[in-house]
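**Student:** Chain by chain, the residues:
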Amino acid sequence: MFHPSNGWNGATDGPFYPFERRQNVFNRVILAAGVAALAISAPASAKPDREHGGQSAETQRAERPQRAQRVERQARVERAPRTERVQREARVERAPRVDRQQRMAQAERPARAERQQRVERQQVARNENVRVERQRAERVNRVADRQEVRDNRVERQQVRVADRQDIRNQRREEAQNRVVDRRALHAERVDNRLANNGVGYGVGGCPPGLADKGCVPPGQQRSLQNWARLDDRRATRQALAATRLAALDNRIATQFVEPVRVRTFIGSPVNTVSAYTPLLAMPSTISYLYPDTSDYYYRYGGGYVYRVDRSDNLISWVLPLLAGGFMPGQYLPSSYMNSYMPSAYGFNSFYPSSYADYGYGGYGGGYGYNNLCNRYANGVVYQVDCVTGLVQDVVPIYAGGYGVGQMLPSSYGYYNVPYQYRDMYYNTPDYNYWYAPGAIYQVDPATSMISSVAALLTPGFSVGQPLPAGYNMYNVPLAYRSTYYDTPNAWYRYNNGYIYQVDPTTQLVTAIVASILT
Amino acid sequence: MKTRVLALGLAAAALAVGACNKHEGGNASAPEAQTPEAKKAAGDKTIAQGLTQNAQFMAAAKAAGLDQTLAGAGPYTVLVPNDQAFAAAPAGTLDTKPENRAQLTGMLTNLILPGTVLVADIDKAVDMGKGKASLATMGGGTVTATKEGGKTVLTDAAGHKATITEGDQQFSNGVVHQIDGLLMPSKQAAPNAPVKGEKAG
Numbered sequence: 001m002f003h004p005s006n007g008w009n010g011a012t013d014g015p016f017y018p019f020e021r022r023q024n025v026f027n028r029v030i031l032a033a034g035v036a037a038l039a040i041s042a043p044a045s046a047k048p049d050r051e052h053g054g055q056s057a058e059t060q061r062a063e064r065p066q067r068a069q070r071v072e073r074q075a076r077v078e079r080a081p082r083t084e085r086v087q088r089e090a091r092v093e094r095a096p097r098v099d100r101q102q103r104m105a106q107a108e109r110p111a112r113a114e115r116q117q118r119v120e121r122q123q124v125a126r127n128e129n130v131r132v133e134r135q136r137a138e139r140v141n142r143v144a145d146r147q148e149v150r151d152n153r154v155e156r157q158q159v160r161v162a163d164r165q166d167i168r169n170q171r172r173e174e175a176q177n178r179v180v181d182r183r184a185l186h187a188e189r190v191d192n193r194l195a196n197n198g199v200g201y202g203v204g205g206c207p208p209g210l211a212d213k214g215c216v217p218p219g220q221q222r223s224l225q226n227w228a229r230l231d232d233r234r235a236t237r238q239a240l241a242a243t244r245l246a247a248l249d250n251r252i253a254t255q256f257v258e259p260v261r262v263r264t265f266i267g268s269p270v271n272t273v274s275a276y277t278p279l280l281a282m283p284s285t286i287s288y289l290y291p292d293t294s295d296y297y298y299r300y301g302g303g304y305v306y307r308v309d310r311s312d313n314l315i316s317w318v319l320p321l322l323a324g325g326f327m328p329g330q331y332l333p334s335s336y337m338n339s340y341m342p343s344a345y346g347f348n349s350f351y352p353s354s355y356a357d358y359g360y361g362g363y364g365g366g367y368g369y370n371n372l373c374n375r376y377a378n379g380v381v382y383q384v385d386c387v388t389g390l391v392q393d394v395v396p397i398y399a400g401g402y403g404v405g406q407m408l409p410s411s412y413g414y415y416n417v418p419y420q421y422r423d424m425y426y427n428t429p430d431y432n433y434w435y436a437p438g439a440i441y442q443v444d445p446a447t448s449m450i451s452s453v454a455a456l457l458t459p460g461f462s463v464g465q466p467l468p469a470g471y472n473m474y475n476v477p478l479a480y481r482s483t484y485y486d487t488p489n490a491w492y493r494y495n496n497g498y499i500y501q502v503d504p505t506t507q508l509v510t511a512i513v514a515s516i517l518t
Numbered sequence: 519m520k521t522r523v524l525a526l527g528l529a530a531a532a533l534a535v536g537a538c539n540k541h542e543g544g545n546a547s548a549p550e551a552q553t554p555e556a557k558k559a560a561g562d563k564t565i566a567q568g569l570t571q572n573a574q575f576m577a578a579a580k581a582a583g584l585d586q587t588l589a590g591a592g593p594y595t596v597l598v599p600n601d602q603a604f605a606a607a608p609a610g611t612l613d614t615k616p617e618n619r620a621q622l623t624g625m626l627t628n629l630i631l632p633g634t635v636l637v638a639d640i641d642k643a644v645d646m647g648k649g650k651a652s653l654a655t656m657g658g659g660t661v662t663a664t665k666e667g668g669k670t671v672l673t674d675a676a677g678h679k680a681t682i683t684e685g686d687q688q689f690s691n692g693v694v695h696q697i698d699g700l701l702m703p704s705k706q707a708a709p710n711a712p713v714k715g716e717k718a719g
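Going down the list, the protein sequences come from chains G and Y. Read in this note's numbering, the first sequence has 98 at position 98, and its numbers run on one by one without any break. Adding 518 to a residue's 1-based position in the second sequence gives its number in this note's numbering.
Since the hints were made in silico from the structure, they are not lab data. Misleading hints may appear alongside valid ones.
[Unchecked claim] The following label-pair restraints were derived from C-beta to C-beta distances:
#1 Y:E684 to G:T505: 35 to 43 Å
#2 G:L280 to Y:D601: 31 to 39 Å
#3 Y:T614 to G:P488: 43 to 51 Å
For every residue, glycine included, the Cβ atom is placed at its ideal position computed from N, Cα and C.
Next up, chain G with everything else stripped away, as it sits in the complex:
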């Protein structure tokens, strides 16, 4: 048990209290040794005091306590290294063991080092394997990542393509919807106008004095006309530049001579025309339509066909090859302005003399039909400015005699064959096909001339309209008669590749029930 008096803290007997009992023995031994040492060392110690060796016994007695103190001091001095000695002894006793251990340690050191090296090498090898494995795994991951990125990219591309297609379809649909909406709006406005018998701007008319002037004050009307004329010229110039004609202008066969000048050619020698435009023999594709005889032959150039008398080489007859000789951007002669679409061809409702007569409004109120009038001559409908006679568009009418052996007008610069006929009449390097009212034409692309008629077409039916005049007779093709035959509840009529159903009571076209060409 620990006690402060026994502890080395403050203890005078030494620091190790387990040696307490032995300490007493040591104290005695040391004390005896001190006495012995004192006895031995007395003479010696007396040497420095030799002059005092002969002193009296009293003096020696007087000196006894001092000696005791000295002995005590000596003992104390000698006691001090005791710890060291004990420690030395302990060290001496321990030394062999330490040496053995050290020797063993020295003996074991190479093996241990080798083992250590082996362990280290194994560790290094293990680390290397781990590193290789890690690299391989990383490489595999990278390849997988790259593949995933590639897949994602392909997927994104497919998504983008699909999106673009969707957008394109959507736009197309929107455009179609816009057209339908515009037509519906237009029809609605026309109906409103007809229903309300309105005149000029808006429904309800205008001041009575201006009603016969299109509801526009005279000054304003003149200004509008001037601006409209300028706009028309600009628009028609642009339209002409964008058409097929623009590309043909550089070709001999399609450089056009002014109609006014062409009139002067009749009765003139053929070389008079050659001075203006080169003349060529008729192309082989349409030469059968212009057969040479012993009396005359044909040449073409400058947009016209010329018949030349062999006897005197004078031009006896001229036929315009394109648009009756008048094209968009030109002015129709005043004599043509009194010529209108005959009703016999069934197209007069499509090409009225003036859209104003159909409630489309007067000047400025036409919803895209601004001051547009239709005039007709030589199988061609001219859509012109009602005031100026500027030709806006040219529409050939086959039944009117236009077409074969002539050229299609500039507005027919795109493939426009009705859908039900497209599988049969498609463009090839040898021939192109175009639709114009009444027919699908075969056109020689080299000369732009119409070589034959591929199919005849009527003005057509549309669902919801009254059955046109002349269709009371049953006309379904023989192969379809067992399926589509007239009953008291439904009639069937064929028109332009389709079989339509008609309500016998209301005489309205109710549905398309079959397409016989597709």
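Starting from the known structure of chain G, fit chain Y onto it as the hints suggest.
**Tutor:** Only chain Y this time, still in chain G's reference frame:
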């Protein structure tokens, strides 16, 4: 020298063959539709093949570029005047010169009806129409059908009459009725045409 003559001969022969192929409307062989698909849709025995190639009607059709049309898909109902009818028509009616093409085309399209209309169909329409029926033509106009003496008679806008002498000649792309007169299109102006038009600027 012989080689050159032979080559020239071959070239001339090739040119002649090529020209024959190109001018389908110019020879006496039956015309064909313009594309293989149209030929297939028209069938094996077309109106163009069935009509007499040397008859006046086919000559007029060729001049108007309609001969290949009658070899196409159709179906059409063709009223074919016989040669006597053409001979009896006013001079110049069948003039195939280019300057007469407009009149010729108008006349021919007035003789072609859309779809397949058998004589029985016309007669039925006449019965339904209380003695007459209006038949639409590809020219955009109409001809009027009636029954006279048990025969079907067609009348144009000008009052010219033609009787169906041999009807219901069936072909793969339509039907032909032979008639004994010409039916001309109307030359009536548009009913809404103003008396006086605006002057050109």
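**Student:** Would you mind marking each hint as holding or not holding in the structure?
**Tutor:** Cross-check of the supplied hints:
1. Y:E684 to G:T505: 35 to 43 Å: 36 Å, holds
2. G:L280 to Y:D601: 31 to 39 Å: Holds: the Cβ-Cβ distance is about 36 Å, inside 31 to 39 Å.
3. Y:T614 to G:P488: 43 to 51 Å: 48 Å, holds
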